[in-house]
Structure formats: structure tokens, C-alpha cells
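Chains as they are written, first to last, in the numbering used here: chain A, 15 to 634; chain B, 15 to 634.
Hint data in this document are derived by calculation from the structure and do not stem from the laboratory. Backbone N, C-alpha and C define an ideal beta-carbon position, used for all residues, glycine too. Don't take every hint at face value.
[Said to hold, decoys possible] Here are the simulated lysine to any residue pairs, SDA-like style, with alpha carbons at most 25 angstroms apart:
hint, chain 1, residue 1, chain 2, residue 2
1, B, 148, A, 566
2, A, 318, B, 127
3, B, 112, A, 205
4, B, 521, A, 297
5, A, 207, B, 130
6, B, 345, B, 299
7, A, 148, B, 127
8, B, 521, A, 566
9, A, 560, A, 476
10, B, 299, A, 122
[To be verified] Part of the chain B face toward chain A, derived, beta carbon under 8 angstroms:
hint, residue
11, 136
12, 232
13, 267
14, 269
15, 277
16, 279
17, 474
18, 481
19, 482
20, 492
21, 493
22, 494
23, 562
24, 598
[To be verified] Here chain B is said to cover these stretches of chain A; the calculated rule only asks that three of the stretch's residues, wherever they fall, bring their Cβ under 8 angstroms from a Cβ of chain B:
hint, stretch
25, 469–476
26, 493–505
2 protein chains.
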Amino acid sequence: MSPKITVELLRQLRQAMRNGKCIAEPIQAYIIPSGDAHQSEYIAPCDCRREFICGFNGSAGTAIVTEQHAALWTDGRYFLQASQQMDNNWTLMKMGLKETLSQEDWLISVLPENSKVGVDPWIIAADQWKNMSKALSSAGHSLVAVQANLIDAIWEDRPARPNTKLIALGLKYTGLTWQDKITALRGKMAERKISWFVVTALDEIAWLFNLRGSDIEYNPVFFAYAIIGISSIKLFVDSKRLVDPAIRQHLELDSPSKPDLTVQCFPYESVFSELNAVCAALAPKDKMWICDKASCALTQVIPKAHRAAIPYTPLCLAKAVKNPTEIQGMKMAHIKDAVALCELFAWLEKEIPKGTVTEISAADKAEELRSQQKDFVGLSFPTISSVGPNGAIIHYRPLPETNRTLSLNEVYLIDSGAQYRDGTTDVTRTVHFGTPSDYEKECFTYVLKGHIAVSAAVFPNGTKGHLLDSFARAALWDSGLDYLHGTGHGVGCFLNVHEGPCGISYKTFADEPLEAGMIVSDEPGYYEDGSFGIRLENVVLVVPAKTKYNYRNRGSLTFEPLTLVPIQLKMINTDLLTQKERDWVNDYHRKCLETIGAEMERQGRKEALDWLIRETQPIV
Amino acid sequence: MSPKITVELLRQLRQAMRNGKCIAEPIQAYIIPSGDAHQSEYIAPCDCRREFICGFNGSAGTAIVTEQHAALWTDGRYFLQASQQMDNNWTLMKMGLKETLSQEDWLISVLPENSKVGVDPWIIAADQWKNMSKALSSAGHSLVAVQANLIDAIWEDRPARPNTKLIALGLKYTGLTWQDKITALRGKMAERKISWFVVTALDEIAWLFNLRGSDIEYNPVFFAYAIIGISSIKLFVDSKRLVDPAIRQHLELDSPSKPDLTVQCFPYESVFSELNAVCAALAPKDKMWICDKASCALTQVIPKAHRAAIPYTPLCLAKAVKNPTEIQGMKMAHIKDAVALCELFAWLEKEIPKGTVTEISAADKAEELRSQQKDFVGLSFPTISSVGPNGAIIHYRPLPETNRTLSLNEVYLIDSGAQYRDGTTDVTRTVHFGTPSDYEKECFTYVLKGHIAVSAAVFPNGTKGHLLDSFARAALWDSGLDYLHGTGHGVGCFLNVHEGPCGISYKTFADEPLEAGMIVSDEPGYYEDGSFGIRLENVVLVVPAKTKYNYRNRGSLTFEPLTLVPIQLKMINTDLLTQKERDWVNDYHRKCLETIGAEMERQGRKEALDWLIRETQPIV
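So here's chain A without its partners, still in its complex pose (with noise of 0.2 angstroms):
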């Protein structure tokens, strides 16, 4: 791929910076952070600020830009990618190695005397606005809000914000109306003394009102706030979308059943102005829930005495907590996801001799094969289909320009998923069709250890994920091996496939404890740059275990697979596994074939069950 040429957006952006017209004083620095006014990880395309001044387009980075330099920080994923983007008027800023500087100091090592660093209050969060304000303070320096992004000032051709077209989900799908979710949260708020909850993420709020939209690629989100009060509900959303008769019977608008469950809609972008106005009537005592990962704008709305910021909101742990209708919604996912993926398998092993099939067209053909399955709506994320060294890119995305032909002598590491209306799927799998070298089937043996320390571990109730995070890396440490990402991130039903507040990893000390009914990723891996990647992911539920003991009355959890494809015995090395964990293996391809089998059976798909039963005989 060929880097975006920025020379003259750099001239624009700094004319900005010193122009009077676009802000009250001239700024020495503008940063640029990646997110939206909701702190989205993915984003629609009129808030791909940080991909529009400089090109890389990951979904984690952020862009400052000074009269003299213009820097990138991005993680571990994208080095490899960032620096192919961006041309030389940038510099890429590595994130987690040690003699990189965070970008606080860097500003501070580059910046003249009493600097003023802008940057829009709308998509900077508010404890990040904190941090970055308090560093630059001790240096001299100043954060300032500036409110016009300059970005948008010298964007031609700016795409407008989407406004799609909302979807109901009724109880079938979401196992409790959004009444009953407003009053489970209205019982926390009390709990809490909480009179008011300033709502900003849209996967809360989608998830509240049981409504989807498709406002952002792969995530079922439409753009709103909510106000949530003890006795009102206030929606903040483009009117044009509560005309739908569907919509407005769902949300109870033309007849409220009862006075505290009416909703009032207010258009989208009037939340600033009615969320002052709240404050303006607030009790003394009165305290207001925010995240405080909301936007630095609205969060400064609320005066400090009523802010009660919170690390993530009881929404996010609701959500994060599956309902058995939710559950029983992520298993049909899927059953249904892997025959799809079966299928894939069973077709890329036919027509890969033939030598026309790439990264491309597999990812296609996934998609396709997908889309053939009851409830599709999309995909869940942009498919890593990659062949030999693009799999060592860890958040590849197979362009024309990389797209490489599936052969019989390299690794493809295949990382996919999709949106059904009953769940959301994310699935690895590293496979080779011709014959793995020792060492590929050593390193993949040693990711799949991993994997099964994490998916046979028994915890007690209350453990952080992160405190499993080791048990996937223990077979590469071993060997000297490792791999640069976390272990497994959290996924929503029919939302975001990545979503808080739990998940596996080394690097996050604020993920809540573990419970039955939370669904996370497992998917340790290892990479060689410009040779292979290998990645091995399976969604799986939280679960009670059963002990031979149950120290203080504790109770454990452990892991259930929801991803039912199999894992390439080809690609194992079992000389390397214990019995326990070759039995892991065989327990779960009989799993596999068994639900996927039946649903195979089901669903006529002849080619694919041959293909499944051949893949699932036991280790002996």
C-alpha cells in the first residue's frame, strides 16, 4: 500500500491552528484522537478524523501535529501498517516500547514556552482530557477546548453522519423489555442516591431501548444520548427516525403505558443544551452518573458537585452480563457462524490447488456463506484473511494492493465474525493446506496450550480476568515465545463485538471480576514478522464449575465454548500436549460435531459435514 501524500493538509491544518477565523487564540499544538463524541473504538466515516490527516486507518491511534512535527501513537497491532500508511511527514510514535515517549512528553520535549494545545472537547474523553491537561499544566503549558474541529474546517469533502433506518428487537431476542432494563437500572441509581444518568456510548444506549440501526460498519449502533432521570426518560436522536409506526410502538411514544416509562425524544444534537438545562434544575443534593470515558464537552456540563464519575456505568455491566435469552441467542449464533466457517473450509481445500483463491476472495466467500444463514445482518468486524506474512500483521486487512494467493505452502490465519439478530460471533483459526513445517506446528502447538489454559481454567467467583491473562503465554514463555496483544476481550449479543468491562489481558487492571454469564474471547497467538501468524480464537461463556472443594463458599467459574469449529490437527504437534489436554481436544471436536453436525444435517449441507467428520477424529 502506498502512503496518503499530506504535505498540503499539514499546511492547511497549521494555517488553522494560527487563523483567527476557526479559533479565538492560536494554538502551538492540535491533537487528534481517533474517537467520536461517544468514544467509539470503530467509527463512521465523518468522524475518520485521524485517518483523514494522516492516513492510517487502524482502529486505535491517535495524531498530534505541531508547527514543526506531526506524530502518530499507535499499539503494537499497528506498527507495521501505521508506517506503511503515513508518509514521511509523520512520525510513528510505538506505543509500549520502552524509549518511546508518551504523548505528554513528547509535546512537552517539542513544545515552545507557555504553549497552547487544542483539541475538540467532543472526542476527547474526560479523564484523558484530565491526565493530558495536568502534564502540560506542569510544564507550562495549556489544554484548551477548541470547539470548531479543525479537521472538519479543511475536509472538502466531509461524508455527512449517517442516519439509518432503526430496528426493534423484541423480547424473543432480548429476554427483557426495555422498561424492565430502565427500572433494573433506576434500582442501582437509587442504590447509589443517582438522580440522573448521562448515557453516551451507543451500545448502552441500543441496548436499553432494545433498538438497533447501522449508523457504523459492523457495530448495529445508531447515534444518540439518553438521559435517564428516576421518574423520565430523555432520547436524543434524529426525529426523522421515530416516524417509523414499528419504532414508535416499541418505544411506547403515541400511548406510554405509564408516566415514569414515557420516553421523550429531543433531536440529537440539542443534548448539550437540555443537559444543561437538567443541571440548571438540580437538587443540591442531587448527583449525576457520567462515564468517565464521555466526552470532555458533555462531562464539563455537569458542575463538579453533581459529577459523580464513574470508571464504566451499570449499564455496561448489564449488558456485559448475558441473560439466559441472550445466551440461548449467542449459541444459535453460533451453530449457525460455524457452519458457515465449516463450509469455508471444506471449499478453500478444493479450490486452493487450483491456485485462484486469495485473501480477498476467501474473505468473500466467507462473507457469502455467512449471509446464506438465518438472521445475518453483517459482519461484525472487517475480516483478517491472511496468507504467510500478512498473518504476522495482527489486525490485517487484505487490500488489493497486499491481497495475496491461498497456496499449499504458506499458513493462512483466518480472524472473522458477523451480526445476527440473536448474537454476534468472532472466530480464529490458523489452518495450512498443503504441510506445515516442525516449526508451525510447534509454535501453533504452543498457541493452543494456551488456549486451553485459558478455556479449561477454574477460577473462584470474583477473579479479574486479567489475572488469567499469564495462563495463555505459559507454553510460548516457556520456549521463549510471546505474543504483543491482550488474551481475549469481551463480546456483545447483536452489539460490538469488542465491549467492556471484562476481558484477558496482561495490560488492563480495571476489568471487573469474571461471572456466569459473561461472553469473552479466547485467542492467545504468535507472530513472525514476514513469515507467519498464528491465532487461535474461540468466544466463551462464563460459566459455574463444579469442584471437589468450595473454599469460604466462593463457588468457581470456568469457560464454555460457544465457537464450535474445529482446530486443524494437522497443525498439532501432540507429542507436545499432556493427556489432559489432548482430551480437551477430542472432548471439544466431539462437541463440534455433534451441535454443528446435527445442524449441518439440518440445514442439507452434505459437503460440509464430510468435511466436519473428517476434522473432528479423535488424538489417539
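Following the hints, put chain B in place on chain A, whose structure we already have.
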């Protein structure tokens, strides 16, 4: 043990809280932390204010007294002990349990509006002050510094501050002169553009100046402060201690070799005024290091603009990474210590059947045997010598009223260690002199598996110790068991038996990465209230590990046990061990036999050698 009766003391304290003689204005609550002005873990009798007021004498805990309430916070190690030592005027607040309020939340829940909460600013750390003050302010209360300590005001026979003789350690023990240490420290200060460093931790001062004292039982430290500048050295210590010609010569007080290595001595108490004087003379850009765990009183002397608060000091890190001389000394100390402990076990086997050995006499015997070893100075902490149910009290210390007799029917746990001039030891063994039950063996074996999993772990350079904690628990977790303490702590070299900044704990996320040369303990356990306790502790040295591969040239680390005392085979259910674990035990015992056996022969300790030979037979 019977609880301390505190009715009258609490009455007096509450009077002092209201009384204009002691304080400027009445306070509604008074916090009594457990530390001294140096935030020491072990403290001198004159500093045992928290024990004085509530009776609980464990190493960690904070008491808070209000007009109506008196409450003590401590952790899982001390729940039982605290409940036994405190009368019913006190509420035990069990830290780590979900339902237990934090000190801040508790204060907010019990205090009348606009309350003042007092604390002695010398014995609360600056970071704790900040957190507490913030939490109280947000609820309309305030934290106030009470200069005259209110406990001292009601403590009639409070002991005097100790002032023991100093000893100077030569290069043979330290490996580096104090001048070299100062020079290295100044190098770190220059790197970070720091002009002054206020040293408040007693072990850091002792390590820096190659001096030891015995002001605090078990910890070979002395009351002092130091302020190190780029070209000056200020030591605050009682002048009587500097009369000794050996000390004068060691510090070159009468004939300094260089002006910038001249030690200026000041009285201990003058640190406040002298720091004030240094601060008054600071240039605008001068920065001063102080640990954020230093006292609030001293920290607040430094104007904010000049203060660079650090979570741990460069001395703390330099001290943690032992040099070759220190490592050699630690090895020697552990060999001598193992000889004494093996002798103890051989003696116990003979004596226990007579029915005359108690927890106290066994502990005394252990001390006697250790004291016969070369360069013995004293114990490194109070010996935990515990039989049967007493073993479940994690930091048990036998007292006449709790003293049990060792028998052939109960598990015996002894956690003990000593200070030698060449090193500090800390070792726990759990043994049975009759026939352990299957359940005791099963639990012991899980603990052993956890111990081995940490000891044999291989991990990348740069890994923090907390990432290894779960390895120690996996086998217990599998059976629904666990233990409520961390797995390991840093160990000083002829210094404090607990030191930072490294460790192995699920609780510690601020730990520094493990490096070759660091020394930590590896001590998983299992405790069954009312019946028995199991712990298995070795002190281990971080060493480079040879691995098959070397990902990104990071290099790998592992542990080498310094403790070389047999693990009782009788307690092991070998069926539960893997072949790798059996090999580990056999290798370990071979090393015990070779190394400790040779020393026993040299010392002519025949009976102990016979015991050692028998106890190190390989598992087949």
C-alpha cells in the same frame, strides 16, 4: 489470647479529640495508621500507637476512632488474630471482602455533616493523605493535620525512641562502597534533571550508607533521614551514634576524600527545618525527588513546583537488584540457615514423641540453632511456629496462652528466618511427624504444585511479578481452593525481610518488572480455619533462563531457589504430580543434599546430615 480492654483509653482519646489543649479545634474522627514517620512495616515499640489503642498487634492495620465508633481495618492474614485481640468496643473491618466499606466510605457513612477528621501528618503517607483528603472533601468533610499525636498524649509509659549502636559494613558484604552508591544515584538524578532527593525509608538509608543498626526488632535499620544533593550529602541521625571511630572513619567524617562526598551530619529531629532551608534556597527549575509513600508532613515542606513525587525511589530499585557480592552473601546465609533448620527438624523428630515440645520451645530451638551459625545477628521476623488450627492463622505468633504442644497427630507449620551479616532468610516448611490425612496431603500437594509452577516459570524480561501470581493458584483453583494472601515479596540483603518494588501478588499492579538479581519469596499456602495451615516458602533469585527461541531478543528469566531445605515427602501425594513436577522435586532435593550436606560435613553436624540424606531420597 484475651482482648485488650480499651474502654478507658477510648474515653481519654475522645476527650483529647475534643480538647483545645491538644488541638486547635475539635475533630470528629481520628485516624491511627500503623506506620512510623518512615512508613516502616515493622516498627519500634514507641511507634506502636495503633496496637496501644486497640490491642491488635499485627503488621498491617489502621484504626479509626469517632465519637461513637471505633473500627480497625486489616487484611485476610489477620482476621482471626484481630478479632481475638480487640474488645467489643472495636469493629473489625475485613479488607478484601466485597461487603467491607473502605475507610473513606465508612467515615462518610458515620460522620455528621462537615466533620473534621484528624491524623498525625508524620505517620500518614503523602499518597494516602491525598486520597483520603479528596474522598472526605467530596462528601463535605475535611482531613486535618494534628501536629501533636493524640495517642502519645494519652500514652503514659510510652517507650523512648531507640538509639542503638551502628555497624559499618565493608565491601566484603556490600560489593559497593557508599561513595559508589551515591555516585550512581547522582547519575540517575542527573538523567532526570533532579537536584535533590529526600530519603525517608530506613532501609534505603541503611543500604545507601552501608550502615546497619538495630532500632527496630528484626530489621537492621536505624532512625535517620538523608537529603542527597548533586554535590552535598546531609545525614540526619542522633549525634551520639557518630562518636564511634569506626563509624567516623567509614563515613570519612574527619577526612573526606572529596568535597562532594562529604557527609554533613545533623540531628535526626532537624530534618524538617533543614529541608525547609534547602527548599528556600532552590533555583526556579530545581526539582526534588520524594517518594509518594514518604510522610505527608515532610512532603508538604517541598513546594509543589519543585516536588517530583515518585511511587518508588531509585534507591529502592537499586537495592532490589542485588550485586554479585550480595547474591553470594545471600547464598551463604541460606546455606547456613538450611543447616540450622534441618537440625531443628531432626531434633523435633526425636523430641516430639516425648510430648514436651511446644510451639514456643520449637521456635526457641530454631533460634538457638540459627544463632550457632556464623555472622548470625538475629531473627528477621517473629517466628511463626504453629500446630494444627493455629497454622490457619496466617501471621500467627505463639504466645503462652495459645501455645500448643507438637504431636504426632497434627500438621506443624514453621515460617522463620534470620539476619546474618551476609544475608537475610525467610523460609516456611509444613510437616507432619505422624501420618498426615489424605486430605492434608492432597492440599499440601496442590500448594507444592503452585510453588513449583512459580519457581520453574520461564517468562520474558520485563514481566512484572503480579503476572505470575495465578500460576501459584491454578492447582488449588482446580479443586475449588485458594489462599487469601499474595504469593511473594522482595527480600533485602541483611535488610528488611519485606522490601519493594517487586513481588508476586494479585494485588500489586504497581510492582516493577522482575530483573536478574532480584530476590523474592515464593510462598503459596492453604488454610482451613480451625484445623490446619499449609505454606511452602522458598526465597528465590531471579536469573536469566535459557530458552529454545528468543522472541524479539527480549531474553527470558526464571528463578533459582536460594532456600535449600527438604520438602517433606510424607506430605506429598505423588500421584497428583506430573513427571515434570516429580523431576523438579528430585532435582531440588539433590541440590539440597549436595550443598547443605557439604556444609553439614564441614560443620561436623552428623545427625542433621543423616536426617538430610533420608529426607532427600528421590521420588520414584
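Comparing the hints with the structure gives:
1. Between residue 148 of chain B and residue 566 of chain A the alpha-carbon distance is near 35 angstroms, which puts this suggested pair outside the 25 angstroms criterion.
2. Taken as a hint, the residue 318 of chain A and residue 127 of chain B pair is honoured in the structure, with Cα atoms around 19 angstroms apart against an allowance of 25 angstroms.
3. Distance check on the hinted pair: residue 112 of chain B and residue 205 of chain A sit about 16 angstroms apart at the alpha-carbon level, within 25 angstroms; holds.
4. For the given pair, residue 521 of chain B sits about 39 angstroms from residue 297 of chain A by alpha-carbon distance, which is inconsistent with the 25 angstroms threshold.
5. Distance restraint check for residue 207 of chain A and residue 130 of chain B: the Cα-Cα separation of roughly 24 angstroms lies within the 25 angstroms cut-off, and the hinted pair is therefore satisfied.
6. A threshold of 25 angstroms between alpha carbons decides the hint, and for residue 345 of chain B with residue 299 of chain B the separation of about 45 angstroms lies outside it, so the pair is violated.
7. The straight-line distance between the Cα atoms of residue 148 of chain A and residue 127 of chain B is roughly 31 angstroms, outside the 25 angstroms bound, and the hint therefore fails.
8. Taking the CA atoms of residue 521 of chain B and residue 566 of chain A, the gap is about 19 angstroms. The hint holds against a cut of 25 angstroms.
9. A hinted pair counts as satisfied when its Cα atoms are at most 25 angstroms apart, and residue 560 of chain A with residue 476 of chain A qualifies at roughly 16 angstroms.
10. At roughly 15 angstroms between alpha-carbon atoms, residue 299 of chain B and residue 122 of chain A fall within 25 angstroms of each other, so this suggested pair holds.
11. A cut of 8 angstroms between beta carbons decides the hint on residue 136 of chain B: the least distance to chain A is about 27 angstroms, and the hint is violated.
12. A cut of 8 angstroms between beta carbons decides the hint on residue 232 of chain B: the least distance to chain A is about 31 angstroms, and the hint is violated.
13. Violation of the interface hint for residue 267 of chain B is found here, the shortest Cβ-Cβ separation to chain A being roughly 39 angstroms, above the 8 angstroms cut-off.
14. Given the 8 angstroms rule on beta carbons, the hint for residue 269 of chain B is violated: about 43 angstroms separates it from the nearest Cβ of chain A.
15. A distance limit of 8 angstroms between C-beta atoms decides the matter here; for residue 277 of chain B the minimum to chain A is near 33 angstroms, and the interface restraint is violated.
16. Interface hint status for residue 279 of chain B: violated, as the beta-carbon distance to the closest one in chain A is roughly 35 angstroms, over 8 angstroms.
17. At about 5 angstroms, the closest approach between the beta carbon of residue 474 of chain B and any beta carbon in chain A falls short of 8 angstroms, and the interface hint on this residue holds.
18. Against a cut-off of 8 angstroms between C-beta atoms, the interface hint on residue 481 of chain B holds, since the closest Cβ of chain A lies about 5 angstroms away.
19. The closest approach between the C-beta of residue 482 of chain B and any C-beta of chain A is roughly 7 angstroms, which is under the 8 angstroms cut-off, so the hint is satisfied.
20. Given the 8 angstroms rule on beta carbons, the hint for residue 492 of chain B holds: about 5 angstroms separates it from the nearest Cβ of chain A.
21. At a threshold of 8 angstroms, the smallest CB-CB gap from residue 493 of chain B to chain A is about 5 angstroms, leaving the interface hint in force.
22. The beta carbon of residue 494 of chain B comes within 3 angstroms of a beta carbon in chain A, closer than 8 angstroms, and the hint placing it at the interface holds.
23. Hint status for residue 562 of chain B relative to chain A: holds, with the closest Cβ pair at about 5 angstroms, below 8 angstroms.
24. Checking residue 598 of chain B against chain A by beta carbon gives a least distance of about 13 angstroms; that is not within 8 angstroms, so the hint is violated.
25. With a cut-off of 8 angstroms between beta carbons, the stretch 469–476 of chain A has 5 residues touching chain B; three or more are needed, and the interface restraint holds.
26. With 4 residues having a beta carbon nearer than 8 angstroms to a beta carbon of chain B, the stretch 493–505 of chain A meets the requirement of three or more and the stated coverage holds.
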